[in-house]
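Each chain, letter by letter, is given below.
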Amino acid sequence: MTEEALFRAALRSRNLVVGNLLAAAFAIGALLSLFWTPYDVTELAIATRLQAPSAIHWFGTDHFGRDILSMIMVGAQTSIAVAIVAVGIGMGVGVPLGLAAAARRGSLLDETIMRGNDLVFAFPSLLIAIMITTVFGPSALNAIIAIGIFNIPVFARLTRGAALPIWTRDYILSARVSGKGPVRISVEHILPNVTNLLIVQGTIQFSLGILAEAALSYVGLGVQPPTPSWGRMLADSQTLIAIAPHMAMFPGFAILLTVLGLNLAGDGLRDLLDPRIRNAPP
Amino acid sequence: MTLLDIHNLALSIHGTPVLKGISLDVAPGEVCGVIGESGSGKSLTALSAMQLLPEGSDCSGRITVAGRDVLSMREAEICRMRGADIGMVFQEPMTALNPVQTIGHQVAETILIHEGTSRSEAMSRAAETLARCELPQSRFPLDRYPQELSGGQRQRVVIAIAIALGPKLLIADEPTTALDVTTQAEILSLLRRLVEEDAMGLMLISHDLAVVTGLADDVVIMKDGEVVERRAARTLHRDMTHPYTKALFEASGHQPDRTESRIEEPLLKVESVSRDYLLPRRSFLGAHPKMRAVDDVRFEIRRGECVGLVGESGCGKSTLTRAILGLDPVQEGRITLDGQDVFAEPDVRRKMQVVFQDPFGSFNPRHRVARLVSEPFHRLNRAATADEVDEALTSVGLAPEDKQKYIHEFSGGQRQRIAIARALIIRPELIILDEAVSALDVSIRAQILDLLADLSVTYGLTYLFITHDLTVVRSIADRILVMHAGRIVEQGTTDEVFEAPRDAYTRRLLDAAPKLPV
Numbered sequence: 023m024t025e026e027a028l029f030r031a032a033l034r035s036r037n038l039v040v041g042n043l044l045a046a047a048f049a050i051g052a053l054l055s056l057f058w059t060p061y062d063v064t065e066l067a068i069a070t071r072l073q074a075p076s077a078i079h080w081f082g083t084d085h086f087g088r089d090i091l092s093m094i095m096v097g098a099q100t101s102i103a104v105a106i107v108a109v110g111i112g113m114g115v116g117v118p119l120g121l122a123a124a125a126r127r128g129s130l131l132d133e134t135i136m137r138g139n140d141l142v143f144a145f146p147s148l149l150i151a152i153m154i155t156t157v158f159g160p161s162a163l164n165a166i167i168a169i170g171i172f173n174i175p176v177f178a179r180l181t182r183g184a185a186l187p188i189w190t191r192d193y194i195l196s197a198r199v200s201g202k203g204p205v206r207i208s209v210e211h212i213l214p215n216v217t218n219l220l221i222v223q224g225t226i227q228f229s230l231g232i233l234a235e236a237a238l239s240y241v242g243l244g245v246q247p248p249t250p251s252w253g254r255m256l257a258d259s260q261t262l263i264a265i266a267p268h269m270a271m272f273p274g275f276a277i278l279l280t281v282l283g284l285n286l287a288g289d290g291l292r293d294l295l296d297p298r299i300r301n302a303p304p
Numbered sequence: 011m012t013l014l015d016i017h018n019l020a021l022s023i024h025g026t027p028v029l030k031g032i033s034l035d036v037a038p039g040e041v042c043g044v045i046g047e048s049g050s051g052k053s054l055t056a057l058s059a060m061q062l063l064p065e066g067s068d069c070s071g072r073i074t075v076a077g078r079d080v081l082s083m084r085e086a087e088i089c090r091m092r093g094a095d096i097g098m099v100f101q102e103p104m105t106a107l108n109p110v111q112t113i114g115h116q117v118a119e120t121i122l123i124h125e126g127t128s129r130s131e132a133m134s135r136a137a138e139t140l141a142r143c144e145l146p147q148s149r150f151p152l153d154r155y156p157q158e159l160s161g162g163q164r165q166r167v168v169i170a171i172a173i174a175l176g177p178k179l180l181i182a183d184e185p186t187t188a189l190d191v192t193t194q195a196e197i198l199s200l201l202r203r204l205v206e207e208d209a210m211g212l213m214l215i216s217h218d219l220a221v222v223t224g225l226a227d228d229v230v231i232m233k234d235g236e237v238v239e240r241r242a243a244r245t246l247h248r249d250m251t252h253p254y255t256k257a258l259f260e261a262s263g264h265q266p267d268r269t270e271s272r273i274e275e276p277l278l279k280v281e282s283v284s285r286d287y288l289l290p291r292r293s294f295l296g297a298h299p300k301m302r303a304v305d306d307v308r309f310e311i312r313r314g315e316c317v318g319l320v321g322e323s324g325c326g327k328s329t330l331t332r333a334i335l336g337l338d339p340v341q342e343g344r345i346t347l348d349g350q351d352v353f354a355e356p357d358v359r360r361k362m363q364v365v366f367q368d369p370f371g372s373f374n375p376r377h378r379v380a381r382l383v384s385e386p387f388h389r390l391n392r393a394a395t396a397d398e399v400d401e402a403l404t405s406v407g408l409a410p411e412d413k414q415k416y417i418h419e420f421s422g423g424q425r426q427r428i429a430i431a432r433a434l435i436i437r438p439e440l441i442i443l444d445e446a447v448s449a450l451d452v453s454i455r456a457q458i459l460d461l462l463a464d465l466s467v468t469y470g471l472t473y474l475f476i477t478h479d480l481t482v483v484r485s486i487a488d489r490i491l492v493m494h495a496g497r498i499v500e501q502g503t504t505d506e507v508f509e510a511p512r513d514a515y516t517r518r519l520l521d522a523a524p525k526l527p528v
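Protein chains in written order, with my numbering: chain A, 23 to 304; chain B, 11 to 528.
These are computed hints drawn from the structure, not numbers from a lab. Where is the CB? At the ideal position from N, CA and C, for every residue including glycine. Any given hint might turn out to be false.
Here are the computed distance ranges between Cβ atoms for each label pair [claimed, not checked]: (1) A/Gly138 to B/Glu419: 38 to 46 Å; (2) B/Cys89 to A/Leu33: 47 to 55 Å; (3) B/Asn108 to A/Arg137: 31 to 39 Å; (4) B/Gly422 to A/Gly138: 38 to 46 Å; (5) A/Glu133 to B/Cys89: 18 to 26 Å.
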């Protein structure tokens with residue numbers, strides 16, 4: 023399939039287009055907030071606190087009078103940054119581990135890696151995060167590390183599972199006949215054939231990362247004030263939900279729509295990159 | 011009265027015409043063989059009769075089964091007809107059975123769906139049917155799972171499912187292609203017996219002329235979605251008129267021209283090689299039991315020779331291949347190439363290359379041909395030059411421009427040429443051909459055999475030709491090794507082995523092989 027045909031197929035996929043548009047909206051908001059926000063998010067204006075959405079404050083203001091739209095824009099930065107780095111850690115460590123396990127399947131190395139994965143899997147992600155933040159103190163960096171560690175076994179297991187059937191292919195045997203070693207074969211032959219899966223899983227882990235960051239910030243273990251974060255905005259709104267429901271609504275929608283968008287995009291990508299599904303009539 | 015009558019059937023899928031004006035009929039007790047190469051539309055003809063066509067299909071013409079028009083039936087009627095009036099046997103017994111259901115359950119299922127009998131009655135009828143397919147209860151109880159059976163036994167279960175309701179018509183689509191020669195002979199005689207006992211009509215679809223002419227009464231030859239010829243099987247080889255039929259016959263018995271260029275100097279020496287596999291532990295602390303896959307194998311291949319290694323699946327020939335290539339260690343014995351040990355001196359491995367069976371699985375789908383073909387240069391620690399890639403492609407009859415393409419742009423035969431180009435590019439002395447032509451249509455196979463014969467002269471190549479197909483080795487090999495249960499049971503020149511086989515197993519293989527009428 024040529025790039026052009028792939029692009030045309032991408033435009034036909036409703037999931038992919040809607041998902042990408044949603045994700046892009048938040049990415050643009052986050053980028054824009056690097057240079058400009060409607061109001062300064064660190065400036066308190068008690069006089070105009072808890073205002074409902076209006077022409078001046080589109081999404082209203084919070085209990086310190088900060089503009090919620092601006093906070094959501096800056097919060098998107100945090101969410102995206104945390105999720106990207108966490109997925110990066112997961113892939114960067116998990117994929118090589120998975121490739122190594124598949125290359126030496128059945129060996130002690132394989133067993134060690136996979137049982138180590140099981141160990142990490144056995145802990146709920148939030149528990150790991152709480153453990154790390156209790157030891158090192160709550161901060162954005164620790165949140166990232168916690169979410170990243172949780173991502174490692176996901177990618178390791180996925181990579182190993184996808185790589186195993188490829189190792190039995192004749193072209194691998196033929197590469198071995200050409201004298202190529204396991205590392206080279208993993209990089210040249212296995213990795214390109216599992217990339218599709220990794221991209222799709224990456225998108226889904228990205229959305230889970232955003233959720234995880236929101237959850238950590240909600241319980242106060244993530245990004246610290248005054249940096250805005252969607253999770254903490256939700257936590258702040260909790261006691262005021264009866265008088266200022268917009269405070270909970272907008273960050274809630276932001277989380278919902280981003281995660282939805284990324285999941286849709288992940289689904290669409292999977293359909294697009296899997297030739298078996300792609301060729302089937304819609 | 012005819013059982014299946016297909017008249018002027020035309021089929022298009024998503025607007026592309028696939029079948030054009032097919033007419034054929036099958037009478038009770040008659041075996042109608044349908045022969046064609048891949049893409050000729052023979053399977054789609056059978057699927058049309060059962061209305062199991064892929065989405066977007068548009069059928070026209072007339073298909074009647076036992077006098078009833080299939081094309082005008084409603085879906086519910088067609089469902090009643092499938093299984094009850096028409097049974098179907100598929101090619102791949104591994105995938106035609108559900109691995110998590112017992113064989114008894116799978117046979118009984120057809121009976122339960124169609125006749126609504128009690129479960130225990132369905133099971134007892136399943137037992138009878140399996141016994142008719144030579145799977146007696148004493149040895150193959152109903153609660154066996156498919157993976158506990160061999161390929162041939164599985165195919166018997168598939169046949170039992172197909173005939174459980176006593177259908178009038180049986181459609182068998184390449185029923186023996188995935189099986190060994192001796193198993194193939196058993197399955198074919200089972201099919202013949204069932205057809206005679208039940209006066210069923212059998213539509214036997216195959217690419218193999220010898221299989222079809224051996225079993226069928228009538229033969230229909232298809233090409234590009236059309237019937238090109240229809241003859242009585244017994245006299246086909248005398249009566250055939252269509253050039254395509256003649257070409258098929260010629261290709262099936264094709265003998266490539268080979269000039270002997272043998273030098274009395276051993277190139278490959280396999281000296282009492284044995285290879286054990288560890289099986290899973292039987293108990294928690296027990297030792298791994300061992301399975302001897304290759305047992306005290308010794309032979310020599312001289313420079314310029316083409317040696318055929320024949321054996322059925324599981325005889326150890328793949329294990330032996332991997333040992334020769336130096337990929338898996340052996341427990342006993344020595345393998346030397348050109349005097350050098352392939353394990354102790356891995357550098358010598360650059361003098362051999364391999365071509366595999368599956369033209370679809372042998373290439374990384376994400377690399378271009380130039381990169382695929384030049385992979386063996388890794389051994390020489392340098393990259394291939396553009397000229398070397400061009401020459402390799404030209405020598406196997408492809409164009410240098412093809413190096414920019416991806417593998418999915420090529421047909422099966424072209425892919426096999428690319429595989430040969432890849433094997434050839436670093437000028438090895440020995441090429442191991444592991445079932446290299448088994449997956450190809452006969453006409454393409456003949457071309458590849460010719461190509462191999464040419465190349466052996468041009469480049470002074472020695473071949474080790476590993477296959478289960480006796481007709482192929484007969485046409486190309488100078489000498490033949492017969493392998494059975496990990497041992498070489500017979501070796502000799504091709505004529506010796508074919509004319510005067512000494513070993514009982516070789517004789518069984520030769521008897522089982524379907525032969526073309528001469």
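**Message:** Range first: 38 to 46 Å. Now tell me if the beta carbons of B/Gly422 and A/Gly138 are that far apart.
**Reply:** Hint holds: Cβ distance 43 Å, inside 38 to 46 Å.
**Assessment of proposed distance window 18 to 26 Å (beta carbons of A/Glu133, B/Cys89)** = violated, 49 Å
**31 to 39 Å as the expected CB spacing between A/Arg137 and B/Asn108, which holds or is violated** = For B/Asn108 and A/Arg137 the Cβ distance comes to about 32 Å; the hint holds.
**Asked** Is 38 to 46 Å right for how far apart the beta carbons of A/Gly138 and B/Glu419 are?
**Response** The hint (38 to 46 Å, Cβ to Cβ) holds, given that A/Gly138 and B/Glu419 are roughly 43 Å apart.
**Request:** Could you tell me whether the CB distance from B/Cys89 to A/Leu33 stays inside 47 to 55 Å?
**Result:** Violated, at about 39 Å.
In summary, the structure is inconsistent with hints 2, 5 from the numbered list given earlier, while agreeing with the others.
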